[in-house]
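Hey, can you piece these two chains together into the complex? The hints should help.
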Amino acid sequence: MTRLPDGKVAPGQDPSVGAGAVGDPAAALLSFDGVVAGYGGGDVLHGISFQVPRGGITCIVGPNGAGKSTLLATVSGMLRPRLGAISFQGRSLVGLSPREVLEAGIVQVPQNHSLFREMTVRENVEMGAFILRDHELIRKRLHEVEAMFPVVAKRAGDKAGSLSGGQQRLVEFARSLMLDPALVVLDEPSMGLDPQTLKVVFETIRLMNEQGRTILLVEQNARAGLRLSTQGVVLESGRVRLEGPGREILENPEIGALYLGGATTSVAGSGGGTRG
Amino acid sequence: MASSILKAVIDGVLTGGVYALMAAGLTLIFGVMDIINIAQGVLVVLAAYLSYVLSTQLGIDLFVGLLITVPTLFVVGVVVEWAFIRRLAGRERTAMSILVTYAVAIIIEGLLIRQFSTDYVQLNAWYVDRSFRLLGLYLPYIYVFGFALAAALLAALYMVLYRTRFGRSVRAAMQDRSAARLVGVNVERVATLTFGLGVAVTAAGGMVFGATNAFNPNSGYDLISRLLTIVILGGMGSIGGALGAAVFMLTLEDVVSVVWSPTWSTLVFFAALVIVLSVKPTGLFGRAAARAQ
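Chains as they are written, first to last, in my numbering: chain E, 1 to 276; chain X, 277 to 569.
Keep in mind the hints are simulated off the structure, nothing from the lab.
No residue lacks a Cβ here, since even glycine has one placed at the ideal position from N, Cα and C.
Interface residues of chain X toward chain E, partial, derived using beta-carbon atoms under 7 Å: (1) A448; (2) Q451; (3) A455; (4) R457; (5) L458; (6) V459; (7) G460.
Only chain X is shown next, with the shape it has when bound in the complex (with noise of 0.2 Å):
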């Protein structure tokens, strides 16, 4: 039992990992753009299905493909942000945002449907299968070679943030726009960026997920939902709350599944974040009065 219990907890973290890079991009997202992204989902799927073509119509490995995919993935981003976001404006610009950025979910939904049909396929490669043995564990390439993925996409992430002037400018948007602007950042070409990368990072996402999951049009609303649990458990618009809520959650998910069962492992996944929120509404990591506008 208490093998299995590591071995959950190891699981657990090393899918955390990958979870965490995609509600990365959906809480950097929402610190500067007040945006929700309900398509963030639909997304990761997308990402997952330019993984699936490039690898099977074309032979490109899964991780070699994220040359491409990645910075497709950030031009979908960055039209998305210009035909819909941008027009979004007022008071009710969140709560638009939601319905907004469903409509755009259903519209790629629709599309890949036409495409692929509702059919599960998943992604193939020779260590998607393969295991390798460490202390006793069996441990899947494909979750390792994700983690290390996840963490060196989140350390760029992290460095862009924090060591370009483009990040910079970016933290400014996040804390305060007004501010940003008189200082004459371009809060407006910065969202646009910012939404185009929060939608990049989800290719890398995309494709571990497909790798790890059999998936189809439709396997977005489960993770977005589960990305919305992680973001604001983490408190919204902390990235450094996302990678932690992330980690948690998975980890806390996988021991359930261990100890108790699958079927109670889900419940206690959004079980979880009620009882966090009613404890501290500002979720894990965020703080009370995050900006101003």
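Chain E extracted, bound-state conformation (with noise of 0.2 Å):
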């Protein structure tokens, strides 16, 4: 079921059908309280509300200028709202520094490829559990991303920079799993990668939400991001237009036409997303 930010359900939507935990404050991993945050003297959210439920992909779309990536810097703590709350697990996440974000449980891989060039892979790999002083502990979870981005064991030793930048994108993915998140926070997971590597890319999101691990990611393609996901959110300058389970968002026949390119009734077969 497809919501309006004022609740309703939206047109065309039978209010029985749908993902029941949207919206179910007590399924609720983290939750925006009409969150205003922007740079400098202006606002770029304006009273964001709205929750990511536990266990599920939620994916937030719209277009430049939206408020993604801020609405990602307020949860990740690079951003102090200037309004509202947003809570993780019941504790607000206001005035937390990034570190303090860390223990709580949130990692986000940042929009760039955010590796450390110089360092390797393995040290990169490590930097994720930088905030860790249980030596064990580091090198029983590098074993375990080890085993599953195998691109982490094989260039180990290699500079990040070597790397091709679906390879980056997946040792970004196993740094940000050191710390065994509970949320995943990941900022246009497809920027520059080709379709076959975007594919890989999908396919391990998903993989990492199969393992219980609830994930929140921005996507300016917004067909695979919202097929990946079970919630979609739709952001429209710094405001929540529509929120609703991804394949219902892809549906709506507004949405479609603004967001998508339009063609809606195609999106279902379309290209690009992580099932071909």
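Quick look at the structure:
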């Protein structure tokens, strides 16, 4: 069931159908409540409210300037909201430093390639556990991510800057799992990737989710992101335009015309997804 | 002539090691913080005066005195960062840092003039004026000791950067500050400690500088122009580059001084910068797109 910001069901939707998790506070891992945030003198977010259900994949889409990355910055502690509340497992995130957010169980993979290019792949992955002091635990986690991401062991001694874009993205994912986070926040994971690599990256996101991690991602490739997700949120000019199950948003004619290039009827069978 | 050139090359390498140490502090600070510390030259002179006071007033050997001057300069660096640098923010941070650290240099210079006047002084110890003979060449002890000290401290700096958790956080901050924050590095704390470290290494450089040159409170300006030349030539933010550029430039200067004339050696020093940058704008060892912000 797709909901508009005022809580009404979107036109053409049956209120009795859809993911029950949406809007259910008990199932929410992360909640935004009236979040206002911005840079300098202006606001980018104008009262964002929605919930990220536990165990799902929530995809935020919207045009450039909608405030998607700004919203993620308020989660990771890089930007403090001016108004409103953000809570994670019942604990407020407002005012926490990025390190404290990590300790709470949230890891963010930023938009641009964020590996330390002059460090080796192994060093980069170990940096994911920078806040840990338990060397035995770090070693154990390293073995786990090496098993999940073969590139980590295969290219362990190589400089991260020498990897391809797709490999770098996978190493970033590996690094994000070193803290065994409850929530992984991904900012534009498909950016700059070719279709084949994108497919691998999206399958990896699905795998991370199947292992029990909640995923919150911002995705410019709205079709692919929404097809992957259990919940979609459409942002427009710093406000929630629509939220609901990803597939329902994909099929919403208005949203399809605005953000997905129209032709929503062909969405289910179009390329760019991960089920091909 | 050949032996004179060989001697000039050896002198250049030995002096270059000490300059490399001073430039390493400058490039480290730039690498982590995007701060161009114009005060680095006068901080070297401050360190030289500290060594001078410890030596003349308390009779402490110049090298032993480093046990006091290095931590003192570290504290000075931390205080300068806390009082002046931390407040710089925004897109103009790097440009503003030039003005702010220049102001810091003026303040320190004024205090030194008030305390010591503008008369030239030089550090003294038994090894300052003595030489030993090796393969037919006379090598001053102070140059050899200074080079050994610089090599040891650069090796220690390398160990800190590549073998410790703090070093890893410094390297992370040098390469991508946002990403470093997102993995839990306290970038502000790293910046403060790095500034302290970058200034602390000047204590050793200042002592050797003061033992090999007569100096007064104004000596910092010639020094900072040389150090900036070395750092730019080596590639901003590259410690290895600073090391290579320092040895290259000082050797070049010494050889030109012997072969041509001391008058031209300074000109060649700066002309080399212009020539290299016109061919390779990122410096000898620099890379394009040094790091993300």
